[in-house]
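Based on the hints, put chain B in the right spot on chain A.
Heads up: the protein sequence lines correspond to chains A and B, in order. Those letters in the first sequence? Residues 12 to 317, per the working numbering, in order. Those letters in the second sequence? Residues 12 to 317, per the working numbering, in order.
Simulated from the structure, these hints should not be mistaken for laboratory data. A virtual CB, placed ideally from N, CA and C, is assigned to each residue, including glycine. Treat the hints with care, as some may be off.
Result set (EDC-like, lysine to aspartate or glutamate): computed pairs, CA atoms no more than 16 Å apart in a straight line [to be verified]: (1) A:92 - A:82; (2) B:92 - B:82; (3) A:92 - B:82; (4) B:92 - A:82.
Covered stretches of chain B (in silico footprint by chain A; criterion: 3 or more residues with CB under 8 Å from a CB of chain A, positions within the stretch not fixed) [claimed, not checked]: (5) 66-78; (6) 159-169; (7) 230-236; (8) 239-249; (9) 285-291.
Protein chains: 2
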Amino acid sequence: MGILAIDFGGTRTRTAWYDANLEQQARNETPSLVNQPAESVIQRIIETARRVVPPGAVIEAVGISAPGPLDSRAGVIRHAKTLPGWVDVPLAAIVGEAFGAPAWMENDANLAALSEYRLGAGRGCDPMVYLTISTGIGGGAVIGGRLFTGWSGLAVEPGHMRFTLPDGSVRRLEELASGTAVGQRAQERLARDAAPSSLRDAPEINGQIVGQAAQAGDPLALEVVREAGFWLGLGIVNLLHLLSPQAIVVGGSVSLLGDLLFDPARAAIKAHVLDPAFIPPALIRPAALGDDVCLVGAAAFALQTL
Amino acid sequence: MGILAIDFGGTRTRTAWYDANLEQQARNETPSLVNQPAESVIQRIIETARRVVPPGAVIEAVGISAPGPLDSRAGVIRHAKTLPGWVDVPLAAIVGEAFGAPAWMENDANLAALSEYRLGAGRGCDPMVYLTISTGIGGGAVIGGRLFTGWSGLAVEPGHMRFTLPDGSVRRLEELASGTAVGQRAQERLARDAAPSSLRDAPEINGQIVGQAAQAGDPLALEVVREAGFWLGLGIVNLLHLLSPQAIVVGGSVSLLGDLLFDPARAAIKAHVLDPAFIPPALIRPAALGDDVCLVGAAAFALQTL
Numbered sequence: 012m013g014i015l016a017i018d019f020g021g022t023r024t025r026t027a028w029y030d031a032n033l034e035q036q037a038r039n040e041t042p043s044l045v046n047q048p049a050e051s052v053i054q055r056i057i058e059t060a061r062r063v064v065p066p067g068a069v070i071e072a073v074g075i076s077a078p079g080p081l082d083s084r085a086g087v088i089r090h091a092k093t094l095p096g097w098v099d100v101p102l103a104a105i106v107g108e109a110f111g112a113p114a115w116m117e118n119d120a121n122l123a124a125l126s127e128y129r130l131g132a133g134r135g136c137d138p139m140v141y142l143t144i145s146t147g148i149g150g151g152a153v154i155g156g157r158l159f160t161g162w163s164g165l166a167v168e169p170g171h172m173r174f175t176l177p178d179g180s181v182r183r184l185e186e187l188a189s190g191t192a193v194g195q196r197a198q199e200r201l202a203r204d205a206a207p208s209s210l211r212d213a214p215e216i217n218g219q220i221v222g223q224a225a226q227a228g229d230p231l232a233l234e235v236v237r238e239a240g241f242w243l244g245l246g247i248v249n250l251l252h253l254l255s256p257q258a259i260v261v262g263g264s265v266s267l268l269g270d271l272l273f274d275p276a277r278a279a280i281k282a283h284v285l286d287p288a289f290i291p292p293a294l295i296r297p298a299a300l301g302d303d304v305c306l307v308g309a310a311a312f313a314l315q316t317l
Numbered sequence: 012m013g014i015l016a017i018d019f020g021g022t023r024t025r026t027a028w029y030d031a032n033l034e035q036q037a038r039n040e041t042p043s044l045v046n047q048p049a050e051s052v053i054q055r056i057i058e059t060a061r062r063v064v065p066p067g068a069v070i071e072a073v074g075i076s077a078p079g080p081l082d083s084r085a086g087v088i089r090h091a092k093t094l095p096g097w098v099d100v101p102l103a104a105i106v107g108e109a110f111g112a113p114a115w116m117e118n119d120a121n122l123a124a125l126s127e128y129r130l131g132a133g134r135g136c137d138p139m140v141y142l143t144i145s146t147g148i149g150g151g152a153v154i155g156g157r158l159f160t161g162w163s164g165l166a167v168e169p170g171h172m173r174f175t176l177p178d179g180s181v182r183r184l185e186e187l188a189s190g191t192a193v194g195q196r197a198q199e200r201l202a203r204d205a206a207p208s209s210l211r212d213a214p215e216i217n218g219q220i221v222g223q224a225a226q227a228g229d230p231l232a233l234e235v236v237r238e239a240g241f242w243l244g245l246g247i248v249n250l251l252h253l254l255s256p257q258a259i260v261v262g263g264s265v266s267l268l269g270d271l272l273f274d275p276a277r278a279a280i281k282a283h284v285l286d287p288a289f290i291p292p293a294l295i296r297p298a299a300l301g302d303d304v305c306l307v308g309a310a311a312f313a314l315q316t317l
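Next comes chain A alone, as it looks inside the complex (with noise of 0.2 Å):
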């Protein structure tokens, strides 16, 4: 008796047996190949998950991560920004028929989530919210020990906080502490202002190379992250206030950062939230788990539906 894994991304399909523990006992991956038609693609993502079942095993339940948005409820990836030309694909009804066994599919973010509290840096701590920052930001969110979504499922989208700006213009979180963002900011500053910076010397400004320049001590791309945090620290204010959870785990790129970006941060949420009781002993934690985060999250989150 086992969970059969299936984490679909843009890149590649990671798939994995495990046991009712959550511990992996077989893994195997290929390429996604997005670009292929989608008949192929799926029949690649089928093939790969049959050879981590062991012989004569019997499939307790399916789990799948695939990317957003989807209807978790039905089984349907509703139209990827990642995956062209996937439009209503009722993915976990096509696995769930090829290994017989219930199949459940939920969002990456979501899955890495549930994952980050099972069994890395926000493990029983309830609730849990989960940020992964990089071109965009995403997230998830534990309630009662188990994945919340909301009435809509499609819950939580830390990344669609709205802000406005002095300009009278109302923004995404995402589109101010993003590593997108940070990169736009920075072209911004250059091209508005002579102030000196390293990043004038490079072929290409984005969030990777403005981080890169910040860590090295470049004083404007400072400035810029800087301001990612501020942001960031009034979304986590926000967190505070409406989900009050133990723990956020952040990852993705941008989270690397570590301090340059969380100090910031936590100077917002000193200043801003209502009472201190509403932050706990180590608030904002680096996510723990690696590659596999949404491989042991679409597990967890077969074993939590079944």
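Just chain B, lined up with the frame of chain A:
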């Protein structure tokens, strides 16, 4: 067998006896007289409550609604703004001892949330968020059929969501969309420009006066109410993305402005929500329960905790 409920408010104390189906069997009330010493205020609460308990009845539990901030787990009123001199008063233990029954206390907005979920406008909606908009903005949430207060026990505080203004200052939602905010914005507008308005003849400008002027069609008052509605809408966008409720029940004096406030809120929600699938039918609902909303909430909370 029954539940004794106490709603200890800054002005009046209401008490009632409920059966296990939350049907009210007896009711009594008295002025709270909170300027008297705490001991005599508490004694009067207990005397008022004693009169609703049927002779010889077994009190299963006592539920107490009180003004926050309070520590629900410890049953302690920390330092309520409306109760001068009350610091760290263990009201639940005192009342529980007087009646020889377990006693639990929660803040009034949280209990109003539970009440509207169990018997009011949010019946059966899960998650459900309750907002009360008057001088400030308070609120509460029900998730998975239970009052949700997060790790801190202090959530949810929707009035404390942060936004930024064009001048760069960070503001709470309640500084932008409460009755107090409406009164202040109108005063600022009247001082700043010469726009014609019936408010120029008013002896005093507050939220209530501005609301009445808006209902009578005064253009300046309408604009101020519209602005508050816009901020309320942005706040609800955040609630949708983070809690994805099936209903948001809105009470408090300002909510009586109805569509004057909610139409601009709905426009902001429509413009800024990530996906229309976050918006349930009948998202915004007027509160259905009257003066006893916290009383029945206290009874429901005692039942939930039992």
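Going through the numbered hints above, which ones does this structure break? Give me the numbers in ascending order.
3, 4, 5, 7
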